[in-house]
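Protein chains in written order, with my numbering: chain V, 5 to 506; chain E, 41 to 397.
Please keep in mind that the hints were generated in silico from the structure rather than gathered at the bench.
One or more hints might be untrue.
[Stated by the list, open to error] Pair ranges (Cβ atoms, derived): (1) E/235 with V/100: 15 to 25 Å; (2) V/143 with E/231: 54 to 64 Å; (3) V/75 with E/382: 48 to 58 Å; (4) V/100 with E/367: 30 to 40 Å.
All C-beta atoms in this analysis are idealised placements derived from N, C-alpha and C, irrespective of residue type, glycine included.
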Amino acid sequence: MQDGIVLTMRGIYKSFPGVRALQNVDFTLRKGEIHALMGENGAGKSTLIKVLTGVYEKDAGEIRVEGQDGPADIRSPQDAQNIGISTVYQEITLCPNLSVAENMFIGRDKGVGVRWKDMEKKAGDLLKSLGIPARPKQQLSSCSIAVQQMVAIARAVDADCKVLILDEPTSSLDDKEVEMLFGLMRDLKSRGVGIIFVTHFLEQVYAVSDRITVLRNGELVGEFEVQSLPQVELVSAMMGHALAELSDLDKQGSSDALSGEAFYEASGLSSAEARPFDFRIAKGEVNGFTGLLGSGRSESVRAIFAADHVTGGHVKVNGKPVNISKPVQAMKAGIGYLPEDRKRDGIIADLSVRENIILALQVMKGFFHPLSRKEEEAFADEYIKTLEIKTASQETPIKSLSGGNQQKVILARWLLTHPQYLILDEPTRGIDVGTKTEIQRLVLKLAEEGMSVTFISSEIEEMLRTCSRLIVMRDRKIVGELTGDQLNQDTVMKTIAGGEQA
Amino acid sequence: MTGKRRKGGVLSDLMIPLIAIGILILFNLIRDPGFFSISLSTNNSGNAVLTGNLISIIDSASELAIIAMGMTLVTAATGGQDISVGAVGAITGSVFVQVLKGSGDITAGTVVLGFLACCLVTVLFTSFNGVLVAFFRIQPMIATLILFSCGRSIAYWITGSATPQLESPIIKAMGMTIPGIPVPTPIFMVILVGLLLLLFFKTSNIRLYTESVGINQGASRLNGINPTLIKLLSFIVLGVCVAVAGVISTCRLGQVSHKTLLIDIEMDAILAVAIGGNSLGGGRFRLSGSILGAYIIQMLTTTLYAMSVAPANVKAYKAIVIILIVVAGSPVIKTALSSFWHRLKNNRAGAVSREVN
């Protein structure tokens, strides 16, 4: 093996029934580098990682790891761990009720007896050397998500780790926490660990990576040095076509609608989770709730849909007072809601794509009015085509689709009910750039056709691109409303941060 | 129900129970080629009836098959099981006997009245379970443990005597055979219940709602489904099934013994659901699987008795076979089998393409 290289994957093939997930993919990881693995949903990133960590068996190809003679035979995550490949997944897989030290060493010791003192001391040393702000005896659940993430990394690198895989480690962290994590990554890099960084956040790739490998449709697009690949080119490499139109979405129609007739009006609306607030949306308007995580933006839209228990307020739809205290009443009033947490609140994992698409429409039609199989298939077919949902068939369980395609199915579910008002809470989270633009474009198109849309996103840029009115929240209160010229990154940031910093 | 689901899915879902029943049939045919022979004979009331092991298996499994159907729905919606069905079935029997005794002569009218009373009372009892599970969110096993423990006492209070008897040609016709029809009546009852459920499935969204609630309750609620109602509904359907099974069993025996009526049937019903390839954790389900499961269990019992295994040993032998079936249907074995199947298919496809080249 060449000097300075810790991992090579050559000619990797992997297919699943009906899908070629990887075709002749090469990947090289050098000592002490942070290597971003990029691609749209379904490009094959996760499959490649799972082949590397022994979750999937590859169909063909060769993996070599430094320190191993000949090709490595990785058949289980344990095998991968043994030859120095560690993984930290997006969802934290530690035990919240154990201490930090226990979490770092549990399942590691060979014998039965554990020497707690030694373990705590070792954990303390490691935490200190990595600069992780946690005490060994502290219960893990008392640490912030970011620190828990870092403990997971500490656990991973404690073993003789040559390759560290970070799968979307930043998706639930705020900016400051992301910086902390990057500090840790740079530190590990300087110790010679090769890091594979899987993420959807382009800015983060440029902030921390040395090289980028891009996959598309299961094939290798190329390996690039970060400096030689501007962001726009990266995006077009991922999408396979130039993305000049990314920025020039036309939201003219939507801003005209602002002053129009209201579709939905609420005054003093409150729920178990949201404090009383007033809200109004006009026909054909696209507006958005923005604010930091926990500012109450999701809770507010959940109150509109009655996703949480509604505790008060007056609601008018099309000028007429209505009572919306259950989701089904919201649906009947013409409101659709795409929830923030796709896995928990959106998909019915074991049901097929078809069943997931027709679900909401079916419920609205009523218990004793089932759609015929033919109608269901026609609807599913139509939306699979319009939204370009990548699935082997309508009958595929939704859980085996990639995240972006699952999201499209949920979107299809609500579009099929032909709502007059659609609430989209983080529709683009964890989704590749291509699908993101598609969804943004769709939102504007729907608004042009007269649909009202409320859009929530953590990415302010995305909100600015689609919304003609932004409602800014802080500490579970609405603190500002921005329209027209105020819709720029600067003003939004200042409003989110609060008056004293303006 | 929305017609056939995944293309080719029916076979692969029911593969294990179908193979199991196939092996049982084959085994019996090899052991005794005449095992499944059916003959027409005259019973002691002078009616011509079909007899034979096959008839006896299908007949005896009737109560189990009917309860297994209801259990499947409860399992799918709640991810748990009702262990009180046997005890509640005993209550059904007691109510049936009490109504008939109280109304004097046993006529078609009083039997129908008795049956309706049974349905009402039984559904009330299973709804009690349903409310505990759906509304108070108590673990189904714990919620139904209450009636499991006290149901047979309630049955005793209702009748007030140990084993009240029912003597009437109508009762015999319901529990055994109707004069002039050589097939045992309980078999028709299974078909009737099955058809009624099928009709319910065709004209409503119960399958979609039940599966949806069983898989992801929170998401179902956000799509306008009321999970509490759906779970309760599954217990109501189970109640009707138990009522039918309780009445059949009472008629079959011509008496109600609160201690033994439908004894242990809850465990067999749960087993039938599992053997039928349904996940006991809820979600997707197949009624046909559970019905097959019920017949497998009964065929197994009948086979063992036919092999003159001592009654005391039957349960042990049954357990061994059931271990085999359940393990064969486990996710681990299923995955291994399907990957083996794919490799086989790929190899064959590869061989063909090589030949072509």
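Each hint tested on the structure:
Between residue 235 of chain E and residue 100 of chain V the C-beta distance comes to about 51 Å, which lies outside the given range of 15 to 25 Å. Look at residue 143 of chain V against residue 231 of chain E: about 59 Å separates their beta carbons, and that is inside 54 to 64 Å. Hint check: residue 75 of chain V to residue 382 of chain E, Cβ distance near 24 Å, so the stated range 48 to 58 Å is violated. For the pair residue 100 of chain V and residue 367 of chain E, the supplied restraint of 30 to 40 Å holds, since their beta-carbon distance comes to about 34 Å.
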